[in-house]
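Q: Taken in sequence, the protein lines are chains A and B.
All residue numbers for the first sequence refer to our numbering, where the first residue is 205 and numbers rise by one.
All residue numbers for the second sequence refer to our numbering, where the first residue is 205 and numbers rise by one.
It is possible that part of the hints are untrue.
The list makes no distinction among identical chains, and a pair is therefore deemed to hold if it is satisfied within one copy or across any two copies.
[As the list claims (entries may be wrong)] With a Cα cut of at most 30 Å, we get these calculated DSS-like pairs of lysine-lysine:
1. Lys299 x Lys229
2. Lys275 x Lys339
3. Lys277 x Lys299
4. Lys228 x Lys277
5. Lys232 x Lys312
Hints are computed from structural coordinates only; laboratory data are not their basis.
One-letter residues, chain by chain:
2 protein chains.
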Amino acid sequence: MKIIGIEHIGIATESIEKIAPFWKKVLKLNHIHRETIEKMGVITDIYDTGRGKVELLEQTGQESSIAKFLKKKGPGIHHICLEVENIEEAISELKQADIQLINDVPLKGAEENRVVFIHPKSTGGVLVELVQKPK
Amino acid sequence: MKIIGIEHIGIATESIEKIAPFWKKVLKLNHIHRETIEKMGVITDIYDTGRGKVELLEQTGQESSIAKFLKKKGPGIHHICLEVENIEEAISELKQADIQLINDVPLKGAEENRVVFIHPKSTGGVLVELVQKPK
């Protein structure tokens, strides 16, 4: 598969409102997007660093993976997202390599992206998201 | 301060040897550097994604911050590193904003970089490293 680069870092938080000032006012990152993804049970608040984004993630309900993560590990970096050229090709190669996927059909993520999540068991403890952007 | 972008993501692991194949052989990231930083008690194994690096971090002894992190949170993403134009300017602005720093004089990191670490208490649980690269 062809990886293009780090697309974003996802940060799990109990309150975007509380932590956003650090990213926005202290680091002075550009705020570019805010979106509620009902299917995933998360609100995302997205900042551009100039090379890769920072995505603050807050749960909308108790059922989301963010809630589970906060319970287990506390607030902090939740995942890394890498941009790929072709998500179907990536999924096929990952399956061939016996890598454990959380979904093996691309999901719709923020900003109309198509995404797949790789299970931390296969990466050394890191939740890795791969994304193909709409053309 | 002027942030240029995500420089790398640091991943804490008990064994670089065990997890490197995923980043190197499955994702096919370019291996660019390996270094032991005695002062910080870590071995770093660095891969390029095309836009930002992935740094695998293994402790050299029991005293390192990696050992503490593994005990508390388990293996996974340890920190995010953002590149800044001027690290002294960044430190001065962070102090003015009452942000808690782990070191307030730049340390020497991997690849002759000068770095400062921001305490997770001030960021919403994320260990943030800022780096100014040598010119």
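Q: Now tell me if each hint is right for this structure.
A: Hints versus structure:
Taking the shortest alpha-carbon separations for Lys299 and Lys229, only the inter-copy value of 14 Å comes in at or below 30 Å, while the best intra-copy value is 42 Å. In this homomeric assembly, Lys275 and Lys339 never come within 30 Å of each other (Cα to Cα): the closest approach is 37 Å inside a single copy and 43 Å across copies. In the homo-oligomer, the alpha carbons of Lys277 and Lys299 lie at most 30 Å apart both inside one protomer (28 Å) and across protomers (28 Å), since each shortest distance falls under that limit. Taking the shortest Cα distances, Lys228 and Lys277 sit within 30 Å of each other both inside one copy (24 Å) and across copies (27 Å).
For the identical chains of this complex, Lys232 and Lys312 are neighbours both inside a copy (29 Å) and across copies (25 Å), given an alpha-carbon limit of 30 Å.
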